[in-house]
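Top line first, the protein sequences correspond to chains A and B. Mapping of the first sequence onto this note's numbering: position 173 corresponds to residue 173, and the numbering continues sequentially without gaps. Mapping of the second sequence onto this note's numbering: position 291 corresponds to residue 291, and the numbering continues sequentially without gaps.
Calculated from the structure, these hints are not laboratory results. Treat the numbers as computed from the prediction; the structure is a model and nothing was measured. Careful: at least some of the hints might be erroneous.
Pairs involving identical chains hold if they fit within one copy or between any two copies, as the list cannot separate such chains.
As a list, the in silico DSS-like pairs of lysine-lysine whose alpha-carbon atoms are at most 30 Å apart [unchecked claim]:
no.	residue 1	residue 2
1	K12	K52
2	K375	K41
3	K13	K281
4	K91	K13
5	K41	K12
6	K375	K52
Protein chains: 2
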Amino acid sequence: MITWSSLSNDEKKQALSRPAMANSQQLKLTVSEIIANVEAKGDSAVLDYTRKFDCPDLQSLVLSQSDIDELASKVSVEVANAIDIAFDNIKQFHEAQIPSDISLTTTPGVHCELRFTALDAVGLYIPGGSAPLPSTVLMLGVPALVAGCERKLLCTPPNKQQRIAPEIAFAARKCGIDNIFLCGGAQAVAAMALGTQSIPQVDKIFGPGNSFVTEAKQQVSQRADGAAIDMPAGPSEVLVLADKFADAEFVAADLLSQAEHGPDSQAILVSDSSELIDAAKAAVERQLATLSRAEIARPAMENARYILASSIDEAIEASNAYAAEHLIVQIEDARSYLPKIKYAGSIFLGPWSPESAGDYASGTNHVLPTYGYAKNYSSLGLLDFMRRYTIQELSADGMRNLGPAIMTLASAEGLDAHEQAVALRMNKLGMNDTSNDVDVNNGSNA
Amino acid sequence: MITWSSLSNDEKKQALSRPAMANSQQLKLTVSEIIANVEAKGDSAVLDYTRKFDCPDLQSLVLSQSDIDELASKVSVEVANAIDIAFDNIKQFHEAQIPSDISLTTTPGVHCELRFTALDAVGLYIPGGSAPLPSTVLMLGVPALVAGCERKLLCTPPNKQQRIAPEIAFAARKCGIDNIFLCGGAQAVAAMALGTQSIPQVDKIFGPGNSFVTEAKQQVSQRADGAAIDMPAGPSEVLVLADKFADAEFVAADLLSQAEHGPDSQAILVSDSSELIDAAKAAVERQLATLSRAEIARPAMENARYILASSIDEAIEASNAYAAEHLIVQIEDARSYLPKIKYAGSIFLGPWSPESAGDYASGTNHVLPTYGYAKNYSSLGLLDFMRRYTIQELSADGMRNLGPAIMTLASAEGLDAHEQAVALRMNKLGMNDTSNDVDVNNGSNA
């Protein structure tokens with residue numbers, strides 16, 4: 001247990017330090033080689049890598065519609081219903097984010113617009129591994145659907161039988177995913193960013209992954225012919241703020257939910273009650289004994305931090321310094337502390353709001369800024385699947401009104417041709433006296 | 001003059017190819033060395049570089065408030081008025097972009113929110129060079145002001161007299177910039193991203209610059225302890241769509257406005273009228289002879305492209321394939337073609353809407369995605385100075401209603417601890433029969 005008020009500034013930083021990320025020179029080189037191979041050889045390189053890492057007998061990168069349908073039909077009614085419920089809530093929350101175009105006359109005759117439009121083609125990456133992640137399909141697929149992206153691809157590594165988990169097929173079909181491709185890792189990211197014979201090039205790539213996927217996303221986002229990406233990634237993390245009224249079993253369960261994601265997951269408890277911290281630690285031990293994923297959660301919990309604050313305000317100070325991906329607030333009257341909370345990817349208020357709720361089904365997106373990025377990046381939302389552009393239209397009157405100011409500024413910046421583009425128009429409008437003290441608001445409309 | 005319909009797909013790509021960007025290995029190494037130096041030595045490294053490149057006698061990186069005031073007072077009334085007009089229009093357009101928070105009950109008892117908040121600290125980079133760029137100060141400073149960013153820094157290289165252009169000081173003061181630092185280049189970007197003794201670390205860096213600045217922004221955006229950046233950058237560009245009704249002098253002036261930005265600027269004219277193209281080419285030659293920046297514009301115009309399309313639709317096809325930063329539409333009834341135009345950073349409609357209008361004063365932002373990035377990135381706007389985070393709060397009823405679906409999904413993904421975090425709560429609520437077919441909408445509220 002760390003006592004916050006006894007720490008120096010450096011020790012505070014240390015107490016909130018995050019596990020180092022894999023970004024060795026070797027990883028960078030391996031990934032850039034994979035990308036270069038996919039660029040040069042297209043499908044055959046992606047097939048080779050997928051046979052090597054995931055499925056030795058893979059015949060085709062394309063999962064056919066009939067295979068998708070067959071797989072989807074295998075999902076149990078119970079799971080199908082749960083996916084339906086999550087889908088509906090996520091859809092509601094992301095539909096509420098549909099933005100309005102803006103149309104404005106800034107000066108008489110000067111009309112400006114801001115328009116939102118869906119990205120054309122998006123690539124969704126769903127990791128493979130021991131367990132299927134239909135929830136991540138929903139978190140990426142639903143906003144792509146709501147935004148109206150014309151083309152929605154999904155890449156996920158196949159199992160040894162050239163198939164994917166039925167739950168992923170079911171969720172993907174629900175989101176109107178156009179194509180599922182059987183590949184994963186850096187090769188899948190490279191294929192979506194650059195395009196291959198089978199896999200169309202996309203404008204933006206979304207989704208979590210291992211260090212190869214993360215590095216590949218970074219690398220393709222640096223190429224002018226590559227793709228944009230959702231956000232930088234790091235290991236998942238939770239910070240729980242709790243007071244003496246919190247239920248220690250709930251707190252422990254929430255810490256463990258985070259820990260079971262992986263050995264590099266980080267779980268931090270900050271409380272003004274040493275009794276609560278002691279009770280939560282004991283509950284962690286008890287609950288760990290019952291978990292099937294204890295071998296993953298235990299090493300993560302060994303790096304957990306238990307921080308004792310002298311007050312709730314001090315606890316929030318620590319939380320703000322950490323800027324957690326998930327921030328769970330199990331403090332009495334949790335909502336009243338919102339104005340003091342500065343940074344978090346998503347905030348879970350009160351005893352009945354475990355991280356699991358947001359991970360699966362409340363409606364918020366579970367793709368969140370980790371690793372302190374909550375200070376400068378946003379939670380994934382509908383706007384990440386759209387782009388904004390502007391339009392402007394000046395009438396002759398608009399030119400008369402604004403022309404003199406434009407010419408003055410162009411001249412001040414020494415940009416002749418910019419000035420001339422206006423001067424020619426002003427002349428055409430008979431405004432040969434382009435003196436710069438024309439009053440914009442009372443110009444030709446006076 | 002290139003005839004579009006005669007081109008193969010590869011030739012079409014070639015006709016719309018962009019100038020190569022400087023991104024040599026040498027540039028990357030030089031920039032990473034500068035960043036490492038600034039990280040290690042802070043202010044003294046930044047001072048050394050600034051003395052070497054910009055101002056041999058520089059005493060301090062900080063431009064004092066009294067110096068700012070003194071400089072600002074030197075701006076002519078005419079320029080001050082023009083800056084005021086531009087400021088007001090830009091402010092109006094960006095105020096119209098203030099987003100609304102979202103608050104929603106997705107399932108009875110399950111409350112979800114999306115909140116927008118200003119980034120805390122932003123760093124605005126304003127290039128130095130031959131001419132001051134007060135317009136860029138406004139394009140970055142006004143949205144930072146409207147968003148309500150707590151801390152707004154500006155870095156710009158000093159002149160030999162340890163000063164900056166009065167227009168920059170005036171515009172910065174108008175935008176409520178908190179501090180102006182006298183440094184430029186990769187060293188300024190490094191200082192804002194990592195912080196030095198004088199220059200506070202910022203969350204996000206905005207603004208245009210030369211290849212060193214661009215590379216430094218990319219590099220710091222890849223570091224977990226660095227800063228986010230506005231968007232990837234490339235040389236500025238314009239595509240003009242014109243028909244036989246267009247004024248060839250206007251078209252030529254708009255192409256030249258682009259060309260005078262730099263020798264690597266790109267100007268493309270696409271028209272269905274060979275007469276218009278011929279007339280525009282002749283007008284370019286005539287106007288070039290009168291421009292003070294002809295030595296910059298001429299090499300750029302040597303790389304200009306003149307493309308003849310067989311119809312307006314074909315011209316728009318070429319425009320969509322190019323995805324221009326600035327798209328000027330000088331076609332009769334220009335607005336009626338908007339539904340066909342897919343990509344552009346900003347669209348200028350009709351004869352009275354030169355690029356200069358948006359560059360300076362109409363109200364739209366002049367920081368736009370170049371180099372084809374209009375397909376996957378947005379024009380700079382208010383939202384780029386804000387971040388989004390979510391909140392969720394389940395009541396006990398919310399947990400009763402949604403708990404079963406969460407448990408089913410957690411179980412399907414093999415995430416025990418996630419399931420347990422809900423099961424414990426359901427038990428506490430006396431829902432020991434956590435059978436998964438509880439109907440969410442008619443659960444405890446039935």
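The hints, checked one at a time:
no.: 1; hint: K12 x K52; result: neither (45 Å within a copy, 38 Å between copies)
no.: 2; hint: K375 x K41; result: between (40 Å within a copy, 25 Å between copies)
no.: 3; hint: K13 x K281; result: within (23 Å within a copy, 62 Å between copies)
no.: 4; hint: K91 x K13; result: neither (39 Å within a copy, 39 Å between copies)
no.: 5; hint: K41 x K12; result: between (50 Å within a copy, 23 Å between copies)
no.: 6; hint: K375 x K52; result: neither (39 Å within a copy, 34 Å between copies)
In this structure, the hints that do not hold are numbers 1, 4 and 6, in rising order.
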